[in-house]
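Next come the chains, spelled out residue by residue.
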Amino acid sequence: MTTAEQTLDEILSLAAAHFKVPREKLSPDDDFFKTLGLDSLQTLDLLTKLENHFRVELPDYELQGVSDFRTLAGKIQARL
Amino acid sequence: MKDTRVREGQSAAKLGSQCRGSALSWTVIDGVIELALHREPCNELGSESLEEFEKFAAALENMQAAAHALIVYSELKPGFCAGADLRELYHRSQAMTKADAAKGVRNFLERIHRVLNLIDAAPLTTIAAVHGVTFGGGFELALACDLIIADKMARFCFPELRLGLIPGFGGIPRLKRDLGNAVVRDLLLTGRSFNATKAQQIGLVSQVVGEGEALRAARATAAQMRKFDRATAAAAKNFIKPVPHEELRREIDIFCELFARPAVQAGLRRFVESTDAQPYLP
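Sequences listed follow chains U and S, in order. The opening position of the first sequence corresponds to residue 435 in my numbering, with each subsequent residue numbered one higher. The opening position of the second sequence corresponds to residue 66 in my numbering, with each subsequent residue numbered one higher.
Calculated from the structure, these hints are not laboratory results. Ideal placement from N, C-alpha and C gives every residue a C-beta, glycine not left out. Keep in mind that the hints are not guaranteed to be accurate.
Computed far set for chain U versus chain S, every beta-carbon distance over 10 Å [unchecked claim]:
{"#": "1", "residue": "T436"}
{"#": "2", "residue": "T437"}
{"#": "3", "residue": "D443"}
{"#": "4", "residue": "S447"}
{"#": "5", "residue": "P462"}
{"#": "6", "residue": "D479"}
{"#": "7", "residue": "K483"}
{"#": "8", "residue": "E485"}
{"#": "9", "residue": "P493"}
{"#": "10", "residue": "T505"}
{"#": "11", "residue": "Q511"}
{"#": "12", "residue": "R513"}
Calculated Cβ distances over 10 Å to all of chain U for the following chain S residues [unchecked claim]:
{"#": "13", "residue": "P143"}
{"#": "14", "residue": "G144"}
{"#": "15", "residue": "D150"}
{"#": "16", "residue": "G197"}
{"#": "17", "residue": "V198"}
{"#": "18", "residue": "K217"}
{"#": "19", "residue": "M218"}
{"#": "20", "residue": "R220"}
{"#": "21", "residue": "G256"}
{"#": "22", "residue": "K263"}
{"#": "23", "residue": "R295"}
{"#": "24", "residue": "A300"}
{"#": "25", "residue": "A301"}
{"#": "26", "residue": "F304"}
{"#": "27", "residue": "E338"}
Once the Cα atoms are required to be at most 30 Å apart in a straight line, the calculated BS3-like pairs of lysine-lysine come out as [to be verified]:
{"#": "28", "chain 1": "S", "residue 1": "K306", "chain 2": "U", "residue 2": "K454"}
{"#": "29", "chain 1": "U", "residue 1": "K483", "chain 2": "S", "residue 2": "K142"}
{"#": "30", "chain 1": "U", "residue 1": "K468", "chain 2": "S", "residue 2": "K292"}
{"#": "31", "chain 1": "U", "residue 1": "K483", "chain 2": "S", "residue 2": "K217"}
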């Protein structure tokens, strides 16, 4: 059983690797749109990466308004 | 993306079956027509693309005698195709009277339908090799093909309802042909995007491959098809994949009725002016 903290940690590692940002520069409460400088296509890319990694389905509308890693982790955790 | 299989002295250009346009290009290699999309940023389908698609459709009638398969793919990193060029649609319709804009939209839809219907019914096996964004009209282009082979980073969506429209390039009739009605309702009415794994689970995608592998897999699949008698393959396709002409015509009518409403112009303006990272969401 993956804990919420593990999920959050995996998201941060995955985002750091995918967008080539040092892992230590990312914090759970960061606004990932700003920290990673995501445009609309990169946001979709991140969503697909997360779905593939956690093997979950994340409807876009559930993520509307979500901008920090911690809340994102909560949304994923709820589907694990 | 350069294809190394076209050897000097044997180029498709010498066979009269190669063209490099601004939005798309095609060539015939070993009996396979490869149609590449390359209009930045993500192959948005506007009037320039449509003109080149019409040229391709005219060329296809000549090329298909010497080919057994067609592969459609994108050369651009963001994805296969982000759909209709909404910026062009908005700016053009703003510069016209309502009546002229409505006429222009109907004309565009009828022309793109002619092209997609031709691809849909072509006596070749057609494969969409998709990656990344495969939205709206891009999804509809893929649906006109016989098989969809998807990179695991491919993402599909019908976001048209956010604009107060329905898909207009044949999306609903072709989805209905391939999938159960409940799945079609989910995709259409929620406007959510979904990944390649989900697309395969619901029966839309025939193969999911690793990142950057869709075109290679499509070429391998096309090579397999070469082993079969062309007339038999064409007869099988004709039998199991009828073009839903009546519903396609009805789709154009519904789209045009909806397009006439002021809410659509407002939706288009919101999209064109949006700086949101998820502009495809309402």
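Here is how each hint holds up against the structure:
With a least beta-carbon separation of about 19 Å from chain S, U/T436 lies farther than 10 Å from that chain, consistent with its non-interface assignment. Every CB of chain S is more than 10 Å from the CB of U/T437 (nearest about 24 Å), matching its label as outside the interface. Non-interface status of U/D443 relative to chain S is upheld: no Cβ of that chain comes within 10 Å, the nearest being about 23 Å off. No Cβ of chain S comes within 10 Å of the Cβ of U/S447; the nearest lies about 18 Å off, and the non-interface call holds.
U/P462, annotated as away from the interface, keeps every beta carbon of chain S farther than 10 Å; the closest lies near 19 Å. Residue placement check: U/D479 does not keep its beta carbon more than 10 Å from all beta carbons of chain S (closest about 7 Å). Its closest Cβ contact with chain S, about 8 Å, brings U/K483 to no more than 10 Å, contrary to its assignment away from the interface. Look at U/E485: its CB is around 5 Å from the nearest CB on chain S, not clear of 10 Å, so calling it non-interface is violated.
Listed as a non-interface residue, U/P493 fails to keep its Cβ farther than 10 Å from every Cβ of chain S; the least gap is roughly 5 Å. Residue-level check passed: U/T505 sits 15 Å from the nearest beta carbon of chain S, beyond 10 Å. A cut-off of 10 Å between C-beta atoms confirms that U/Q511 is not in contact with chain S; the least separation is 19 Å. With a least CB separation of 13 Å from chain S, U/R513 remains clear of the 10 Å interface cut-off, as annotated.
Here S/P143 does not stay apart from chain U, with its beta-carbon only about 5 Å from theirs, under the 10 Å limit. Non-interface call for S/G144 relative to chain U: violated, since the shortest CB-CB distance, roughly 7 Å, does not exceed 10 Å. The beta carbon of S/D150 is kept farther than 10 Å from every beta carbon of chain U, the shortest such distance being approximately 15 Å. Not every beta carbon of chain U lies more than 10 Å from that of S/G197, the smallest distance being close to 7 Å; the non-interface claim is violated.
Interface exclusion of S/V198 from chain U breaks down, the closest Cβ pair being 6 Å apart, not more than 10 Å. Non-interface status of S/K217 relative to chain U is broken: a Cβ of that chain comes within 10 Å, the nearest being about 6 Å off. The beta carbon of S/M218 is not kept farther than 10 Å from every beta carbon of chain U, the shortest such distance being approximately 5 Å. Under the 10 Å C-beta cut-off, the non-interface status given to S/R220 relative to chain U is violated; the minimum distance is some 5 Å.
Some Cβ of chain U comes within 10 Å of the Cβ of S/G256; the nearest lies about 8 Å off, and the non-interface call is violated. Interface exclusion of S/K263 from chain U breaks down, the closest Cβ pair being 6 Å apart, not more than 10 Å. Residue-level check passed: S/R295 sits 37 Å from the nearest beta carbon of chain U, beyond 10 Å. The Cβ of S/A300 sits about 38 Å from the closest Cβ of chain U, beyond the 10 Å cut-off, so the non-interface label holds.
Against chain U, the non-interface label of S/A301 holds: every CB pair exceeds 10 Å, the least being about 34 Å. With a least CB separation of 34 Å from chain U, S/F304 remains clear of the 10 Å interface cut-off, as annotated. In this structure S/E338 is separated from chain U by more than 10 Å, as the shortest Cβ-Cβ distance comes to about 14 Å. A hinted pair counts as satisfied when its Cα atoms are at most 30 Å apart, and S/K306 with U/K454 does not qualify at roughly 45 Å.
The straight-line distance between the Cα atoms of U/K483 and S/K142 is roughly 16 Å, inside the 30 Å bound, and the hint therefore holds. Simply put, U/K468 and S/K292 have alpha-carbon atoms about 52 Å apart, too far for the 30 Å limit, and the pair is violated. At roughly 9 Å between alpha-carbon atoms, U/K483 and S/K217 fall within 30 Å of each other, so this suggested pair holds.
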